[in-house]
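Participant: Given chain A, work out where chain B should sit, using these hints.
Chains A and B supply the protein sequences, listed in that same order. According to the numbering used here, the first sequence holds residues 14 to 1033 in order. According to the numbering used here, the second sequence holds residues 92 to 577 in order.
The hints are simulated quantities; they were obtained by calculation from the structure and are not laboratory data. Treat the hints with care, since some could be wrong.
Said to hold, decoys possible - Not the full set, but computed from the structure, chain A residues with beta-carbon under 10 Å of chain B:
{"hint": "1", "residue": "251"}
{"hint": "2", "residue": "349"}
{"hint": "3", "residue": "757"}
{"hint": "4", "residue": "859"}
{"hint": "5", "residue": "974"}
As the list claims (entries may be wrong) - Far from chain A, some chain B residues (derived; all Cβ distances over 10 Å):
{"hint": "6", "residue": "141"}
{"hint": "7", "residue": "205"}
{"hint": "8", "residue": "395"}
{"hint": "9", "residue": "423"}
{"hint": "10", "residue": "492"}
What the hints assert, rightly or not - Straight line, CA to CA, 25 Å or less: simulated DMTMM-like cross-link-like pairs of lysine to aspartate or glutamate:
{"hint": "11", "chain 1": "A", "residue 1": "871", "chain 2": "A", "residue 2": "539"}
{"hint": "12", "chain 1": "B", "residue 1": "353", "chain 2": "A", "residue 2": "977"}
{"hint": "13", "chain 1": "B", "residue 1": "399", "chain 2": "B", "residue 2": "423"}
{"hint": "14", "chain 1": "A", "residue 1": "356", "chain 2": "B", "residue 2": "561"}
{"hint": "15", "chain 1": "A", "residue 1": "995", "chain 2": "B", "residue 2": "328"}
{"hint": "16", "chain 1": "A", "residue 1": "811", "chain 2": "B", "residue 2": "361"}
{"hint": "17", "chain 1": "A", "residue 1": "628", "chain 2": "A", "residue 2": "643"}
{"hint": "18", "chain 1": "B", "residue 1": "295", "chain 2": "A", "residue 2": "256"}
Treat the numbers as computed from the prediction; the structure is a model and nothing was measured. The beta carbon of each residue, even a glycine, is placed where N, CA and C say it ideally should be.
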Amino acid sequence: MNVIRIIMIALTATFLTCVAAAEEKVEFNRDVLPILSNHCYACHGPDSATREAGLRLDQRESTTGKADSGKRAVTPGNVQVSELIRRITTEDENERMPPVKGPKPLNADQIATLKTWIMQGAEFQPHWAFIPPKQPAIPKTLNSAWPKNEIDHFVLARLERVGIKPAREANRETLIRRVAFDLTGLPPTLKEIDLFLSDQSPHAYEQMVDRYLASPAYGEHMARHWLDLARYADSNGYQYDTEREQWIWRDWVINAYNSNKPFNEFTIEQLAGDLLPAATDQQRLATGFNRNHGITIEGGIIDEEYRTEYVMDRLVTTGDVWLALTIGCARCHEHKFDPISQKEFYQLYAFFNQVPERGMQGFAPKQRIPSPLASDSQKVFDVELARLKAELQKPAEIDEQLNLWSKNISGQAVSGWTVVEPLTMKSSGGTTLTKLADNSLLASGANPQKDVYEIVSKTDATNLTAVRLEALTHESLPGSGPGRHSNSNFVLSEFELTAVSTADPSKQQTIKFIRAIADYSQANYEIDKAIDGNQTGNNGWAVDGPTRKLPATALFIASSPFGFEGGTELQFRLRHEAGFSTHGVGRPRLSITDDTPETLELHGIPADIRQIAGKERDQRTTNEQKQLQEYFLAHHNPQQALEQRVAELEKQKVAAIPETMIMQDMAQPRATYLLDRGQYNEPREQVSPDVPAIFPAMPKTAAKNRLGFANWLVDPGHPLTARVAVNRYWQRLFGLGLVKTSEDFGVQGELPSHPELLDWLALEFIRSGWDIKHMQRLIVNSATYRQTSHVGADAYRKDPENRLLARGPRMRLDAEQIRDATLAVGGSLVQQQGGKSVYPYQPKGLWLELNNRPNYSKAYPQGSGNDLYRRSLYTFWKRTVPSPMLKTLDAPEREFCTIRRSRTNTPLQALLLLNGPQFVEAARKLAERMLTEGGSTVDEQITYGFRLVTARNPSTAELAVFREAYDTDLKHYTNAQNAAQKLLQVGDSAFNKSLNQAELAACTSLARVFLNLDEAITKE
Amino acid sequence: MPHPLSEMQIHQNRRQFFGRSSTGIGVVALASLLNRDLFSKETASDASRVGGLPGIPHFAPKAKRVIYLLQSGAPSQVDLLDFKPSLEKLHMTELPDTVRKGQRLTGMTAGQKQFPVVKSPWKFQQHGESGTWLSDLLPHMGKVADDICVINSMHTEAINHDPAITFFQSGHQQPGRPSIGAWLSYGLGSETENLPSFVVLLSKNSFNQAQPLYDRLWGSGFLSSKYQGVKFRSQGDPVLYLSDPAGGSDANRRMMLDRLSKLNQMREQEIGDPEITARIAQYEMAYRMQTSVPELADISNESASTLKLYGDDVKEPGTHAANCLLARRLAERGVRFIQVFHRGWDHHSNVQQHLPTLAKQTDQGSAALIADLKQRGMLDETLVIWGGEFGRTVYSQGNPKAFGRDHHPRCFSLWMAGGGIKPGLTYGRTDDYCYNITENPVHVHDFHATILHCLGINHERLTYRFQGRDYRLTDVHGTVVKDIVK
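The shape of chain A in the complex, shown without the other chains (with noise of 0.2 Å):
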C-alpha cells in the first residue's frame, strides 16, 4: 500500500504540482492539510468528543500554543523544537504518532514536508472551499493561438508550466458525436452530421452546439442527471417499495431546464417554492425535490424513527448537491474533518423538519398540479368536456327518444323471472347455509376464509338465457347487510353455473356467461369480475357493504339458450376465494328466465308503464303521457349517457394527473432538538433553525426557513454553491470534475486540478445570472473540450486520469445513452416528452422472485408499442428491483443522492449488449434500415449503418472485417432460414418481410458486431 502512496503522490506530485521540492513554498492546503486531515484530525481536530491531549491541528492558535502536556506541538521556524516533529519520528511505539491502532502512519515524504512547513513558519490557511472564490487574472500563455476562450487559457498555462502540449483538435465526426452525447444525451443523425461536416462558416461549430442546446432531447439529459441527484424513483423504497407517482415532478425538471430556468431560480424553487410569496403551482410541484426519499409502509415500524430519517434525508441531500459537503457526518457527531458541529447538523435539519408528515406511509403532503408538458394532453380533455357540455346545454329531443322507446318496449313479451328452490347446498369452508320460506339461502356459523356455495336445483325450463342473483339483506347478518364479513361487504370472486340433463346426467353444460349486469357495484369490484375466470387475486364483485348495508341484484346472461328437454339439474357455485377472508354472500337467491336478453333490462318497468307506452301516442291522455315521459325521464333519459360520459371524462382527467407529494411548513413549527448519536428517540437540547458558523451567515431580516436557507445558497457571495455546481458540469463532460471528489469539497476532498479556473467558472455562472445553458457552451465551445482523445497509450499511462487536461474526454456512455442511442440508430427511439414512466423489456419473474406478497406486489407489467421504445429516463424506477439493461451499466439504484456513478467495465455488460432483446431487436431495426436506407451496394449499406453507430466512415481495414463477417453470415443464414427467421423474430416489432430473410438476418448479425464495439458505447 505504501508502495503504491509513494507512486502516486510522486505521480501526483508530477503532474499535479511539481511541489515537494524543499526550496520550494510549501502551502498549507495543498501539502500540508491533506497529511493533518487524514492522519491526525480524527483525534485532533474539530470533534471535540474524541480531542486527545487539548490539542486541535485544525487551528493555529492551538497548535502553536500549549497543549495539555505543556509542549508546543509546533515552534513555527523551529523544527528542533517542535514536539510534532519528535512525535512522528520517534522510534518509541509508544509515542509515535499517529498511534499502532490509529490512522495508517506518515511516510518519509510526508514528514519531510510537514517539517519544511514548520521551517518556513507553519502557516495556515482556511479551507479553500470556504473561502468565497476571487476573479482569478486570466493567464498569459505562451501559445496564443490556441485558447478559444478563457477557460483554455487556465488549462494551457498548466499545460506550459509541466511542457505539455494540448492535443490537436478532434476531427469533424467525432466532436459533433460528442457534442450530441453530451448536449441531448443522442448520437448525431446523418443528417446533421452532413450539416456540420459541410459547413465551411467559421462558426459551423458554436453553430452546431446551439442547435444541440436548443433541442427538447437537451432539457432530457440533463434532467437525467439531476434525478440521480436528486434520488427520484418510481416507487417507495424501503420494504415493500410499492409505486409512487412522482414523474410529474420529473417532467418540472425537463421543463426547467429546456426554458434554460436560471440555476438560482432551479434552487430555490426546489428548495422552497411553497414558500415563495404568492407561490404558483408549479413552484410548489418543483418542491417535490425533497420528497423523493423512500418512505416505508412496513407494519409495526416506529412512526418518528422513520419521519427523522426522511428528515436526515432531505439534509444530506441538500447538503450533497448544493455544498458537496459531507453534512450527514455530523449527526451522530461534531464532524471530525469539516467545522460542522453536531449543533449546527441539527440547526440545518431544522429547516427541513417542519413538514407535516408521517413516518409510516407518509406521502401527505401532496398536491394535484399539471405536469408543465403535459398541457396538450389535458387540452385534449377540456376540448372534449366542452364539446359535451355544449350539447348537455341543447333541449333534448326528449319526445322522438320517449316515442323510439315506448315502441322498443311495448313490442316484447315479458314473462319475468321464477324463483329457483334449492334442493341441496354445500359449503366448502363448513358454513351452514340454511333454506328460507322465500327460497333464500341464510349464511350462518363457521365464517371460514375463503369459501365456495354449491347450490343445486332442478327446472323443467328449457332455452332459458339468464340468471339471477339476488344477494338480500337479514338481521342475522353483520350490520343487518347482505355480506358475512364484520363490515357488511361480500367479495364473490366467481359465479359459476354447470346445467345437467336429468334424463342422461352425462349430458353437462358449463354455461358462459357472455355479460353481467348488477344493480350496484363497489368501484374496482364490479360485476363482470364474478365472470370472468378469474376465481382468485383481489378480484370480484362487492357492494360497499360498509357504508351501503342494502341488498343488491346481478344478472348473468348466458351466450346461449340452455337446458335440456327431460328436466335440467343447475349447480350453481358461488365463490369467495378473492384474497378477502370471511366475505361470504349473506344471503343469496337465485332466479332463473327464458326471456330474450334484449328484454332483460325490462324487467322492474312496472306494469302499467308497459301498457301505457303499448298505446299510441294520440291514444294516451296527458296524464298517461306525463307519466310515461317521468318515468322515461327518471330512467332511461338520454342525457344521462352524454351526463356520465362527461363524468368518466371529468375523472379521467384528474387521473391523468396524479397528486404528486411536495414540501409544505406545519403552521406551527415543529421543535427541533440535538439528537444524541443521531438516535430518533434521544432528543437534548433544543435548537433553532440557522446555518453553520463557517459560512457567511443569513441576513438579519431573512426569514429563518427554507426559502431564506435557498435565497442563502444562491447569495453570489456563498463560497460552494456556484462552484459545487459548475464543477459538477465539468464532471458530466470530462469525466472527473476539475474537484475530482465532486460530492465532498471539505478538508478530506481532494484539491482542484485548477483552482483558478474553477474559481473563474463560478464566477462567471453568476456573472450570467446562474445561465446553465451559458455555461455547457463555454465549456463546450473551449478548446481544451475539443481536443482529440486519440492520443496515444504513451499519454493515456502518464495521465490515466486526464487530471492535466491534454486531450479531449473518452468515456464510456452512461446505461441511458447506450440504450436510447441502441434505439435511436436503429429509428425506434420514440422522443415523447414527459409522462408517466413506462415499462420497457424486462426479463419475466424479477419482481415477483423477490417480493409476492399479496396486495404488496405484482409482475412487472411490461409495457408494448412506444412504451418499449422510449428514453430510458422514463423508464419505470423501482428502487429495490431497478431495471437490469440500466443497473448493469452502472446506473445507481436511486435509495439515495448519487453525485458520481461508477464507470464499470464488466462481463454482464457484454452479456447485456450481445443477447438482451432490446438490443438485439434494436440491431434488427438498425439492419433494416442499412437495407432500405443504405444504398444499393453491401459496401454502402454496412458503410450506412457503421456511420449512424460511430458517426464515421470506416476505414479499408474495418471494412474488410465487416464485409467477410456480413458474407460468412449470410451464408450461414441462406443455408439456417430457420435460424434467421428466430432471429429476426426477437422483440415485439414484425421485421421488415419485404426484405431477404437471410440477407436480413446476416445484416442484423453485423449491426450487433457495431453495436458491441467499445466505441458504439464510448463518448470519444
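Facilitator: Coordinates of chain B only, in the frame set by chain A:
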C-alpha cells in the same frame, strides 16, 4: 473506476508482451492475462487471485470463502436452537416487566395488553459427541451437530425486517452501504475468472406472507458497482441475458467475439486507451460464463448418494436444497461469497402450523451442505452460516392458542460452521425467558468482524474512502468473537 495504476500496469505489461501487434495471439490467453490485477498478485497469498486489495488478507486466512444461508423473516430461536427447559414452568404466565425492561416493541404488539409466555411445543434433544441441543424440527442438522457452532447470544438494534436485514447485510440500518459480499469482492478479489466472485441464490417462496427482498441486500453501496452480487436465477437464464438470442449458435457467437476483439484491438492501437483492452477482456469473460454457468447449473453428473444427501427437493430448481447443492458447486469453482436467501420465517401467528414447514424446507439441505463439504475436504476452508435478521418473542402475539411470535432483537440464535470456526460448540446464554442475554453477547458488528477474521481480514483495516471518510463493514464497532474461532 479502476485503479489508475493497475490500469497502467496492465497496459504496460500488455505492451511488453505483445509488442505493437497482438492480432496473432489467442484472445482468450490475452484476456486471462489482462484480467489479473498484477499488483495484488505480488502480495496476495494466493497467486490465482483476480483483483482484490494489496495487503489483504492481513493474515493467514482460515476460510477461503463463505456460504451464507440467510433465513429471511427471522426464525424462532426458542423453537429451533435455544433450548429452554425453564419455559415448562413459565408457560402461559405473564412476561414480567423486570424481564421486558421497557424494551421497545414493534407496532404490531405494542398495543397488546398481555404478554403470555408460550413454551416451544417441540422437543429438544442433544446430538453428537458435543451434546448440542437442537429442536426436533431439525432432525438432519442433528447429524452434523458436531460440525457446527450454535450462537445463542446474537443481538441487534433493529426491530423491523427492512432495517434489520439491511443491517445484517451491510452493517447499517439505512440503505447505501456495501453488502458483506461486496466488501469481500473488493478486498479479496476473486478466485475465478469464469464466474463472478459474489453470487446470490434465491429460494422459491411458498409462503405468501414472506418478507420481500431487495437488490440492495447484495448491492455495492458506495463501492464500484462491479462488486455487487450477481443473482443466479432458477427460472429463465441463470444469469440475466446469458443465452444467445434465438437463432444464434455457439460458432456464431465465437466468430462475433473474434471480430469484436479484432476491431476493438485495431481501435486500441490507434487511440491507446487501456479501457478498450479491458473491454475485450470482459467480452471474453462473458463468453466463458456462457459455458461455465450452464455447466454449473447442470447437476446431472452429481452422484446418486450426493443427491440423496440433499433430499428429494434437490431435483427441483429453486428449492433451498437445490440452492445448497448449487452453493457447493459454486464454492468448488472458486466463488468467494455465496449467499442463499430463503424467505418465509416471519410467523406472527400460527407458529405451530408454519414453522415445521419452513424447518422442513431448509433442514436437510443445510445439513447436507455441511456433510457434503466435509466429505470433499472443503469444510475447513469454507465458512458456512445459517441465520436470520433477528429473533422472535417468547411471548405470544395474539391468541396463545394459535400463537404467533413477534420480532425480538434482544437475543436470537444462528449457527456457523467450517472455515475457522470451532465445531461442536454452543456459545452464549440467554435468561430463563429467552428474552435477554446473560452471557457472551454477540452483536451483528461482532459477527461481521468474525466473518472477516476467518477470511484473514482485520475488520478495522478493510476500508474505503467515501465522502472523506474511511468506511468499514463494521462502522466503528465490532470485536472478533475469539472464543468461537480456531
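Participant: Report holds or violated for the interface hint on residue 251/A, using the least CB-CB distance to chain B and a cut-off of 10 Å.
Facilitator: 5 Å, holds
Participant: Is the Cα-Cα distance between residue 399/B and residue 423/B 25 Å or less?
Facilitator: Roughly 19 Å separates the two Cα atoms, so the pair holds.
Participant: Taking C-beta pairs only, is residue 141/B more than 10 Å away from all of chain A?
Facilitator: Nearest chain A Cβ is 12 Å from residue 141/B, so the label holds.
Participant: Does the claim that residue 423/B lies off the interface hold, with its Cβ farther than 10 Å from every Cβ of chain A?
Facilitator: 20 Å, holds
Participant: Holds or violated: residue 295/B with residue 256/A, Cα cutoff 25 Å?
Facilitator: OK: residue 295/B and residue 256/A at ~24 Å, within 25 Å.
Participant: Below or equal to 25 Å on CA atoms is what counts here, so check residue 356/A against residue 561/B.
Facilitator: 23 Å, holds
Participant: When you look at the beta carbon of residue 492/B, is every beta carbon of chain A farther off than 10 Å?
Facilitator: 17 Å, holds
Participant: Please settle this one: residue 395/B was flagged as non-interface, so is its CB more than 10 Å from every CB on chain A?
Facilitator: Fine: 30 Å to the nearest Cβ keeps residue 395/B off the interface.
Participant: Against chain B, is residue 974/A within 10 Å by beta-carbon distance?
Facilitator: Check passed: Cβ of residue 974/A comes within 6 Å of chain B, closer than 10 Å.
Participant: Confirm or reject: residue 205/B is not an interface residue toward chain A, with every Cβ-Cβ distance exceeding 10 Å.
Facilitator: 18 Å, holds
Participant: Measuring from the C-beta of residue 757/A to each C-beta in chain B, is the shortest one below 10 Å?
Facilitator: 5 Å, holds
Participant: Does the CB of residue 859/A sit less than 10 Å away from some CB of chain B?
Facilitator: Since chain B brings a Cβ to about 8 Å from residue 859/A, closer than 10 Å, the hint holds.
Checked against the numbered hints above, the structure breaks none of them.
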